[in-house]
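In order, the protein sequence lines correspond to chains A and B. The opening position of the first sequence corresponds to residue 1 in this note's numbering, with each subsequent residue numbered one higher. The opening position of the second sequence corresponds to residue 1001 in this note's numbering, with each subsequent residue numbered one higher.
By construction, these hints were calculated from the structure, which means they are not laboratory data. Virtual Cβ for every residue (Gly too), placed ideally from N, Cα, C. It cannot be assumed that every hint is accurate.
Said to hold, decoys possible - A few chain A residues that face chain B, going by a derived Cβ cut-off under 8 Å, partial list only:
| no. | residue |
| --- | --- |
| 1 | 122 |
| 2 | 142 |
| 3 | 146 |
| 4 | 573 |
| 5 | 577 |
| 6 | 693 |
| 7 | 698 |
| 8 | 755 |
| 9 | 758 |
Each chain, written out:
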Amino acid sequence: MASAAAPSPKANMGAPAPRYDARLKVTGEARYPADVAVANPAFAVLVTSSIAKGRIERLDLDQARAVPGVLDILTYENTGELKPAKFGQGSSTSIQDLGPDIFQDGQIIAVVLADTFEAATEAAQSVKATYAAQAPSATFGSQGLNSEDAAKVSQQHEHLPEAGDAETAIGGADVTIDGHYGTPTQHHNPIELFATTCEWTADRLTVYEPSQFVYGLRNGVAQRLGIAPEKVRVASHYVGGAFGSKGTMTPRTAMIALAAKRLNRPVKLVATRDQGFTIATYRAETRHHIRLGARRDGKLVGYAHEGWEISSRSDPYVVAGVEDSAQLYAFGAVKTKVNVVHADRNTPGYMRSPPVVPYIFALESAMDEMAEKLGMDPIEFRRVNDTMTSPIENKPYSSRSLMACYDRAAEAFGWKRRNRLPGSMRDGEWLVGYGCATAVYPTHIGPAAARVRLMPNGDVRVQIAAHEIGNGVYTVLGQMAAERLGVGLSSVKVEVGDTRLPPAPVAGGSNTTASSCSAVLKTCDAIRAKLFHASVTANDGPLAGRNVEELTLTDGKVAASDGTGENLADVFKRLGMSTIEEYSEFVPDGLEPDAVADLYAGKLTMTGGPHGKKVMYAMGAELVEVHVHSQTCEIRVPRIVGAFAAGRLMNTRTVHSQYMGGMIWGISSALHEATEIDTRYARYVNDNLADYMVPVNADVKDVQVILVPEVDHDVNPAGVKGLGELANVGTAAAVANAVYHATGKRIHQLPIRIEKLL
Amino acid sequence: MRPFIYERAPSRNAAMQAVTAAVDTKASYLAGGTTLLDLMKLDVMRPQHVIDINALERTVHGRIELDRNGLRLGALVRMADAADHPDIQQQYPVIAQSLQLAASQQLRNMASLGGNVLQRTRCTYFRDVSYAACNKRNPGSGCAALDGFNRMHAVLGTSDHCIATYAGDFGHALIALDASIDLVGPDGTRTIPFAELHRLPSDTPDQETTLRPGELIVSFTVPAAPWTRRSLYLKVRDRQSYEFALASAAIALDQQDGTVRDVRIALGGISTVPWRAVEAETVLRGKAIDEDSVAAAADAAFVGAKGHGHNDFKVELGKRTLSRALQQAAALEI
Chain A
1 MASAAAPSPK ANMGAPAPRY DARLKVTGEA RYPADVAVAN PAFAVLVTSS
51 IAKGRIERLD LDQARAVPGV LDILTYENTG ELKPAKFGQG SSTSIQDLGP
101 DIFQDGQIIA VVLADTFEAA TEAAQSVKAT YAAQAPSATF GSQGLNSEDA
151 AKVSQQHEHL PEAGDAETAI GGADVTIDGH YGTPTQHHNP IELFATTCEW
201 TADRLTVYEP SQFVYGLRNG VAQRLGIAPE KVRVASHYVG GAFGSKGTMT
251 PRTAMIALAA KRLNRPVKLV ATRDQGFTIA TYRAETRHHI RLGARRDGKL
301 VGYAHEGWEI SSRSDPYVVA GVEDSAQLYA FGAVKTKVNV VHADRNTPGY
351 MRSPPVVPYI FALESAMDEM AEKLGMDPIE FRRVNDTMTS PIENKPYSSR
401 SLMACYDRAA EAFGWKRRNR LPGSMRDGEW LVGYGCATAV YPTHIGPAAA
451 RVRLMPNGDV RVQIAAHEIG NGVYTVLGQM AAERLGVGLS SVKVEVGDTR
501 LPPAPVAGGS NTTASSCSAV LKTCDAIRAK LFHASVTAND GPLAGRNVEE
551 LTLTDGKVAA SDGTGENLAD VFKRLGMSTI EEYSEFVPDG LEPDAVADLY
601 AGKLTMTGGP HGKKVMYAMG AELVEVHVHS QTCEIRVPRI VGAFAAGRLM
651 NTRTVHSQYM GGMIWGISSA LHEATEIDTR YARYVNDNLA DYMVPVNADV
701 KDVQVILVPE VDHDVNPAGV KGLGELANVG TAAAVANAVY HATGKRIHQL
751 PIRIEKLL
Chain B
1001 MRPFIYERAP SRNAAMQAVT AAVDTKASYL AGGTTLLDLM KLDVMRPQHV
1051 IDINALERTV HGRIELDRNG LRLGALVRMA DAADHPDIQQ QYPVIAQSLQ
1101 LAASQQLRNM ASLGGNVLQR TRCTYFRDVS YAACNKRNPG SGCAALDGFN
1151 RMHAVLGTSD HCIATYAGDF GHALIALDAS IDLVGPDGTR TIPFAELHRL
1201 PSDTPDQETT LRPGELIVSF TVPAAPWTRR SLYLKVRDRQ SYEFALASAA
1251 IALDQQDGTV RDVRIALGGI STVPWRAVEA ETVLRGKAID EDSVAAAADA
1301 AFVGAKGHGH NDFKVELGKR TLSRALQQAA ALEI
């Protein structure tokens, strides 16, 4: 049954199978890591620093220890056995110690352990820390920042895009744009809090923790504890939202493991909402300077983009989104530079579409300004600069359907009703604006291994340590196996999120479906090959002597094109087997053959995006209508239409949901979200879900998703482009461009709030 | 959260007795709990004795009464019940709207009207005990908001000791409509104008109300008046729902032949206490509601308003909110 949430599949699209975990989640049957019952747990509550820079002078624990039920308190004085962990090796930060030196607001300085959560909470509130505080540097504009060239401090970004002589091209252009843009700190705020339960059985440790990379976490924790990774199991069967915040190991995990060891008892931690702002990562605030040059006819001739990104004092976290933005249009000459700006903050980290969200906001705002200056419709301006060849090294696109997306979206939206003049459209007391922007996300792929078992009755089990972060991975992996093994989806049992299973990459960079489906596909094909071989080589069988190329596996039958076939059970009988189980490793083109061995060791390499012989991107077009009140300037988004193309879609329902959620988050980025900082203390102010604003249902009116068919055989065997991080890209620019169209005011700094329009 | 004694009071007298017995320790009444429990978890409020008065909902404390003399709202009436009451919606729309536009449905179902007018500020520096400076929480310690992040803070009724915004909406509707408030305490009952319930922060921001120790709100009385039907509550905020006001206006207008016979105005989101804009009312009396008169009223309402940086915009936004609300009220079909 087709519905808005479950669109009918078009070409190269899979059925909108309902999510395997949907019912389990709404009925509470799905066990998130903090729900896993362990025997006689002790409860941990964290104490965090109230300064951002300085040193603990005194930690008074007497009152805390006197609370009945308190068992132990970890501080810097008794956690010396934990090995250091450096940022960038699967670890979120180099700031791992509980003191005495303080490098960030909200650094963990004590872990209180007690028989009950209540006692641990009371005792934690009774810990008294005295500090020798120093003046911290909070963010852009603060004293004492130090800035470095990203190319010099980040191996990953050694070679930023460059083409031709951009200075000359822009200097000699007919029309130019020169603008400065900015995006704020944002926190992921998944509904599931940062939780860790650790349980030791003799010298073996089990960690129940929501994770986007169980193998990375296993190896990271083992390293910090100084034990062999094989002694550690990480289980994370459901993740209640992550958005990047659960992709790297944070300092708490090793602390809880150590606490459980000291107490010889399982220990359970669920950190508070405000602690989540400082004990994990966040999207760094950024600044951008963009220059564009174009000919009168709208052809771009040059693009220069310099970015600045806040990081911690110790770590060079940087996303350098110019790597992707520079591929987007036929820019002509390109010049890019990125700076890491170190402040006294916790280390930022991946947050949904890390590189492109800030950089594409800046670029797509500048594109709108250029279209305006040229007197062109912004969609037509993009059409003039559409290309099948990247301006960087002239690499071809593997596929690209940007203008098809714009055309479909424009038609559904009624874009032709747009009066180009800013401030010209009105609905009663409300000013009306239409705006558009491009969504883009690099197609990533990584190595993965999978084990698949087929039974004679058609029951299938798929095992792969992929991660169910709300992406629907249980369902799409089941669909892939069901399709290749010719059984119904309900016959397939999928197991993910556990280091007992073969490894898969981090659920990041939107690679999961591409990588894991490619591994499952390869493994299922090995089973097919075994079955087909048995069928054609059996002298007495109906398919004896047939060519395996003409065989199919459907509805529990091996069959030839003329309809001759035999049941699975008969093939199994002939093989003399009760079960066929295959394990295989998938390594994408362009990666080293030992990539899966690295994955077992918690090390991940990915490829794709701009890095291969062809550039690989999923794309989309987003069109929004905003209303701004003519007197009081409230900004509302009554309508948004997004059309997207991302290769093969495994499941139109999960895809629709990802796109819809992405656009809503984009509205949030445009109008609501920002972590506010008290710059005197470098501390987060609105560290709770009441004050950290996200849209509520009343803010989200009409969200329309259009799935544009696209076929791409180059990206990976599954033909899938990652799309989980596509639809929240560009939305903020589309909203900002619509606000300009409504009011005549360009807002270059997100979020767009009332005071900026008064 | 700290250990505390929880007690259910089966009657008003029992509540009084419990609070009197506990008077040397720190005692708190518990109704909906939507402020108290939050602040206990945050370690901001540390009552040692919590007296649950929800059983009084069956008495006059939980009743809504409406007749030609006015409206009487029991203090234990839930926000949602008053907001959804058809007669209140029709005859006192500003009251229904101020409640309907506050909080979320879940909170409105729990929160009592008495608790609502006593809700504490949302100032982050008040709600986060890791900030040492907060004169409201810790008298004499200073005010971290004065030079801190103060976008949501007040521009009217502030002092050098506190700029925390009064977070409620309903209170502004009550003060606009000249409501009074019935109290009962260990020493008996009394009635005071609602406008006398809250105290300006001045140099004692920790003392927020004129309630005496152990005193309990029984009910609110709103007198019938010619302006209550042409009334409304306009709330301007960063999102459509579940968010506090950046600026709001409660308007009640008695208008004849295009001229203002009388008007009642209160302003929210911009002040430290429920805020009656008497000067703006004076400007408008006897005039027509038009662009000039509402602009003059808005200017009058914000004489003396003072921003502290991030919240400077609230002066202009407050004026525009008031202007828009007045024009809307004048145009209402009733």
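Okay, the hints, checked on the actual structure:
no.	hint	in the structure
1	122	6 Å, holds
2	142	14 Å, violated
3	146	24 Å, violated
4	573	60 Å, violated
5	577	57 Å, violated
6	693	6 Å, holds
7	698	4 Å, holds
8	755	4 Å, holds
9	758	5 Å, holds
Hints 2, 3, 4, 5, counting from the list given before, are not met by this structure.
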